[in-house]
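Next come the chains, spelled out residue by residue.
2 protein chains.
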Amino acid sequence: MPELRRDPITGEWVVIASERSKRPSDFTAHSPGREEQDREKCPFCPSNESMTPPEIMAFRQPGSQRNGPGWWVRVIPNKYPALGIEGDLNKAGQGMYDWMNGVGAHEVIIETPQHDKSLAFLDTRQIEDVLWAYRARYLDLKKDARLKYILIFRNYGRVAGASLGHPHSQLVATPIIPGVVAAELQGARRYMEYRDRCVFCDMLRQETEEKRRLVAENEHFIAFEPYAAKCPFETWLLPKRHAASFAAIAAEEQTGFAAILGETLRRLHVCLNDPPYNYNIHTAPCNTDDQEDFHWHLSISPRLTIAAGFEMGTGIYINVTPPETAAEYLREVDLEAAALSGEESGVASESGGE
Amino acid sequence: MPELRRDPITGEWVVIASERSKRPSDFTAHSPGREEQDREKCPFCPSNESMTPPEIMAFRQPGSQRNGPGWWVRVIPNKYPALGIEGDLNKAGQGMYDWMNGVGAHEVIIETPQHDKSLAFLDTRQIEDVLWAYRARYLDLKKDARLKYILIFRNYGRVAGASLGHPHSQLVATPIIPGVVAAELQGARRYMEYRDRCVFCDMLRQETEEKRRLVAENEHFIAFEPYAAKCPFETWLLPKRHAASFAAIAAEEQTGFAAILGETLRRLHVCLNDPPYNYNIHTAPCNTDDQEDFHWHLSISPRLTIAAGFEMGTGIYINVTPPETAAEYLREVDLEAAALSGEESGVASESGGE
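Listed in order, the protein sequences are those of chains A and B. Basically this note's numbering = 1-based index in the first sequence + 560. Basically this note's numbering = 1-based index in the second sequence + 560.
Hints in this document: simulated from the structure, not taken from any laboratory. From a predicted model like this one, the values you see are computed outputs, not experimental measurements. Mixed in with the good hints there might be a few duds.
Which copy? The list can't say, so a pair holds if one copy fits it or any two copies do.
Unchecked claim - Taking lysine-lysine pairs in the DSS-like style, the calculated list, with each CA pair at most 25 Å apart, reads:
id	residue 1	residue 2
1	Lys771	Lys651
2	Lys639	Lys790
3	Lys582	Lys601
4	Lys601	Lys703
5	Lys800	Lys601
6	Lys708	Lys677
7	Lys790	Lys651
8	Lys582	Lys771
9	Lys601	Lys708
10	Lys582	Lys790
Sequences are here, hints too, so could you generate the full structure?
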């Protein structure tokens, strides 16, 4: 069972994943990414379902069998979970230190049966089904009283921490409210107390008026480069309707979310030649109905530069591309060219390597 | 002039380094590290002093000329500074956002004239002079009332963000107290208020008694793996005497600091085959004499795994090597073998690449 340990100075929690334990020689190649697996051995490809733990849910063709082919989105437990679903939450002191067993959930959302089809180039309808799978898993895990927060995220490309090339997202549920989430909630609350307005709604207003950092817009969402972007081409997708939780999304909003997510990923793909990236959904903690304080959104961080000693020691990121410049480049992308290039090189960053 | 922008939600500052501005095509190789330069073109090698901005200070042979050879430690302004030393600090709003011009300092400490000699394998006396140079620059910049914090750090290896192979450290002075620093100060203060003891002194006591996470010890310092290590083989050097600021170090402590820094880096070098790493000195902000609250130290983070979407979205790091295991491996290292291997491969990670 993994364990959670707390830094006695900052109060930040760390997962010690003893089951994944590595010896020094496992690191000495200095290339943290594992090799791309070929299709026959890919545990996420149709017909290889037995290579994964039994599925939690799937969108399937009528008549197809659980843990067999015939699905178009499939959710499974992570084979090497960062946090384990079994058992009660135990807490203890270890001398001056604070300890907790690693109770939680860690799931994988396989986004398509097609090994080489990047999320950016899936049909909007298929992207929407991936988002519905996110929501279904979110709502199911929210019932578990041990879990305080559910993070949905995507690592794309080896440089961004993906170890398998087949398109997938992940979900981790934690027994604590993570520090980054607590800081965002607290900041949004502080702004609300001071101004009696939502900070995200204010951003929506200023970005839509100024347009300098705007990348795309549809009826329900904007995509923009944040004013204080931490890295080149950091991009946020923000719903126009104020809602604390991603799970509160309405059907017509989900369609708009899928459309702007696909479009934004395609713009990044063309502009930056299929960059590695991480995306996260920022949403309120489970069972928080403070609809006034928070406003859910998705942030995409391309991995183009390295955070080093300065960033680690200060938390201040150095961004070499002003967000206004990045937005201009992204707006200029020819999306028809994107459609073509996507057919050819949807997972280029997986095979291209570092 | 670089600018500082504040995230309106979390309050975190970001440096937008417009002078370093990059176009999309600059990123598309997806290999953030630049190439190693050969010795003739290395701006940090003796006789190439004219390739750098004029030196700020140097330890030199008697009779040698400023900005010429004859030095053994040399400090210069960074040619591409993250923050600029000129001008007054200006602050302004930009709609809902907060802005500041990027006033500060960014210096490079060249640790040795020898291009291929890693810090780990310098004589203790030479390491000590590097540390004296750190302190001299710290004390000089501390006089500048515009500067609130001074971070001294080292990026080693391309994966850890180093762009030049010649051994060097860096110093960045900021016009604000960085978020990571504020969180550490606040945490140490909270612990002190609650227990009336220093959290670092308590760690020193528990680690010295338990010994499970201890890596090395001398009269003035311990080296240990922290209980809640964020990454495999994270190692801290903690002075035994409580002091808030690195600058308060006494002469005999500096010798002990140099000795344990060298020993720890050699243990990491042998154990992990010359890993890339970052180290930072955690010290109190300039002009803070709260000697009771903080306790300076140095943290070393080998770059062996990739922080991805989960870490970005939660701030919770997943560490696959328990610190007790890492400490055991590091204690077992044969330092005589280290001395030999260091002669041969002091900068292996530079040429080895990702």
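Open item on the list: Treating 25 Å as the Cα threshold, decide for Lys790 and Lys651: within, between, both or neither.
Closed with: So Lys790 and Lys651 pass the 25 Å test across copies only (20 Å; inside, 35 Å).
Task: Alpha-carbon proximity context of Lys601 and Lys703, limit 25 Å - done: Classified as neither; 35 Å inside a copy, 62 Å across copies.
Task: Identical-chain pair category, Lys582 with Lys601, by Cα at 25 Å - done: within (23 Å within a copy, 39 Å between copies)
Task: Intra/inter-copy verdict for Lys582 and Lys771 if alpha-carbon distance must be at most 25 Å - done: between (48 Å within a copy, 21 Å between copies)
TODO: If the cutoff is 25 Å on CA atoms, where do Lys639 and Lys790 land: within, between, both or neither? Let me know, please.
DONE: Result: close only across copies, 22 Å inter versus 32 Å intra.
- [ ] Up to 25 Å between alpha-carbons, please classify Lys582 paired with Lys790: within, between, both or neither.
- [x] between (31 Å within a copy, 14 Å between copies)
Open item on the list: At most 25 Å between alpha carbons: which applies to Lys800 and Lys601, within, between, both or neither?
Closed with: Answer is neither; intra-copy 43 Å and inter-copy 53 Å both fail.
Task: Lys771 and Lys651: within-copy, between-copy, both or neither at 25 Å Cα - done: between (49 Å within a copy, 23 Å between copies)
Task: Lys708 and Lys677: within-copy, between-copy, both or neither at 25 Å Cα - done: Answer is neither; intra-copy 34 Å and inter-copy 50 Å both fail.
TODO: Using 25 Å as the alpha carbon limit, work out where Lys601 and Lys708 are close: within a copy, between copies, both or neither.
DONE: This pair counts as neither: shortest intra-copy Cα distance 36 Å, inter-copy 55 Å.
Of the numbered hints given earlier, the model fails hints 4, 5, 6, 9; all others are met.
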